[in-house]
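Chemist: The task is simple: from the sequences and hints, build the whole structure.
Heads up, the sequence shown is in my numbering, so the first residue is 1 and it goes up one at a time.
Worth double-checking, as some hints may not be accurate.
DSS-like cross-link-like pairs, simulated, lysine-lysine; straight-line CA separation at most 30 angstroms [to be verified]:
| no. | residue 1 | residue 2 |
| --- | --- | --- |
| 1 | Lys49 | Lys141 |
| 2 | Lys246 | Lys221 |
| 3 | Lys266 | Lys246 |
| 4 | Lys221 | Lys266 |
| 5 | Lys342 | Lys246 |
The hints are simulated quantities; they were obtained by calculation from the structure and are not laboratory data.
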Amino acid sequence: MAAPTPDCDYERHSILSSLIERYGSGIPRTMLREHYRCAPEIIDFCNRKFYAGQLIPYKPSSPGDDTLVVVRTAAGNHMRQHTYGGRTNQREADVIAEEVLQRFCAGTRYENIGVITPYRRQVDKVADALLNVIEADTVHKFQGREKEIMIMSTVLDESRQGNFGIGFVDNPQLVNVAVSRAVRRFILVTNHDMLPSSRHIRDLVHFIQYRNPDDGVIDSKVVSVFDLLYREYSAALEPLASRLSKTSAFASENIIRTLLQEMLTKEDHFSDLAVAQQILLRNMLSDISTLTTEQANFVRNRASLDFVVYNRVTNRPVLALEVDGFAFHEADREQQVRDRLKDAICRSQGLRLLRLPTTGSGEELLIHTELLAAIA
1 MAAPTPDCDY
11 ERHSILSSLI
21 ERYGSGIPRT
31 MLREHYRCAP
41 EIIDFCNRKF
51 YAGQLIPYKP
61 SSPGDDTLVV
71 VRTAAGNHMR
81 QHTYGGRTNQ
91 READVIAEEV
101 LQRFCAGTRY
111 ENIGVITPYR
121 RQVDKVADAL
131 LNVIEADTVH
141 KFQGREKEIM
151 IMSTVLDESR
161 QGNFGIGFVD
171 NPQLVNVAVS
181 RAVRRFILVT
191 NHDMLPSSRH
201 IRDLVHFIQY
211 RNPDDGVIDS
221 KVVSVFDLLY
231 REYSAALEPL
241 ASRLSKTSAF
251 ASENIIRTLL
261 QEMLTKEDHF
271 SDLAVAQQIL
281 LRNMLSDIST
291 LTTEQANFVR
301 NRASLDFVVY
311 NRVTNRPVLA
321 LEVDGFAFHE
331 ADREQQVRDR
341 LKDAICRSQG
351 LRLLRLPTTG
361 SGEELLIHTE
371 LLAAIA
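Modeler: This is the structure we're talking about:
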């Protein structure tokens, strides 16, 4: 919903700046200089950056505590621009769930941890990754509140689309509010290059590096085999890059084909398994009379599975895998309907189906876990 007047736009204004815009800069005001909420290391950034050093912090510091930390994702363009508006970054959500909570939030009750991000769609990504046990919301919704530990996901990357969002994410009021919501620790989760074209976030990163030159910036270990689709990717993926098979016109499918072939070849408990590619769903089903009319028509229309792992002795299917590119799946509502149809058909026939979104991470472990469960 649009703001009734420009001075009431909460995305541009705090309560104070809203009043100033409406009544003019001559409105009487008094600055509350004493600050009790944040650890002094946290409010020191805001004090230098936004308050010209006028604040007086009264909360005692905690020596040896990682009060300010930057966690940067592995190299690659992980942000996605949605067709119907908004931006998300699944990798940053995964980093928060798989690394940040364990390393920097251990021993802290969930209700004392918050995750903030400039984008509403990213709130949903983070909430899903954290199973809704930790509160996540936009920076604007957290204004006036606090958490012992605050984690911020900046979402943007160095792509052209990412640079278009700098003005919104790097808004000084937004950065000030985000940092000052943290009582004891603030963790910035951002892209590998740490948004060098920004101004305020760049200063925040440099401030953290200055305060903690040894451990202020942490490199995430969360990677995806699909990072090979980017021009830059983690060095940990270079061995896989050199072994890729070229059986498909789609690089993403070549990556998964290579992973599957190597996994089935190297591990004894998978020695009876083989993999086939682009298998018609109709050829997997002995009887489609039990399907709904919509499902049966979908099958007859040459619906296929990207990969099927099967027992080469009995020819029985063990596991189906789908590689879900963002543009053709998550960003396409019609394709989402088709995907749900395929999921329902596989469930009704007792066929395990693993979807691998190209925006995800940890695919090798996911595939291995599903294969073990399928043959158990």
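Chemist: Does each hint hold? Answer for all of them.
Modeler: Tested hints:
For the hint pairing lysine 49 with lysine 141, the CA-to-CA distance comes to about 22 angstroms; that is within 30 angstroms, so the pair holds. For the hint pairing lysine 246 with lysine 221, the CA-to-CA distance comes to about 27 angstroms; that is within 30 angstroms, so the pair holds. Simply put, lysine 266 and lysine 246 have alpha-carbon atoms about 20 angstroms apart, close enough for the 30 angstroms limit, and the pair holds. Taking the CA atoms of lysine 221 and lysine 266, the gap is about 24 angstroms. The hint holds against a cut of 30 angstroms.
With a C-alpha separation of about 26 angstroms, the suggested pair lysine 342 and lysine 246 falls inside the 30 angstroms cut-off, and the hint holds.
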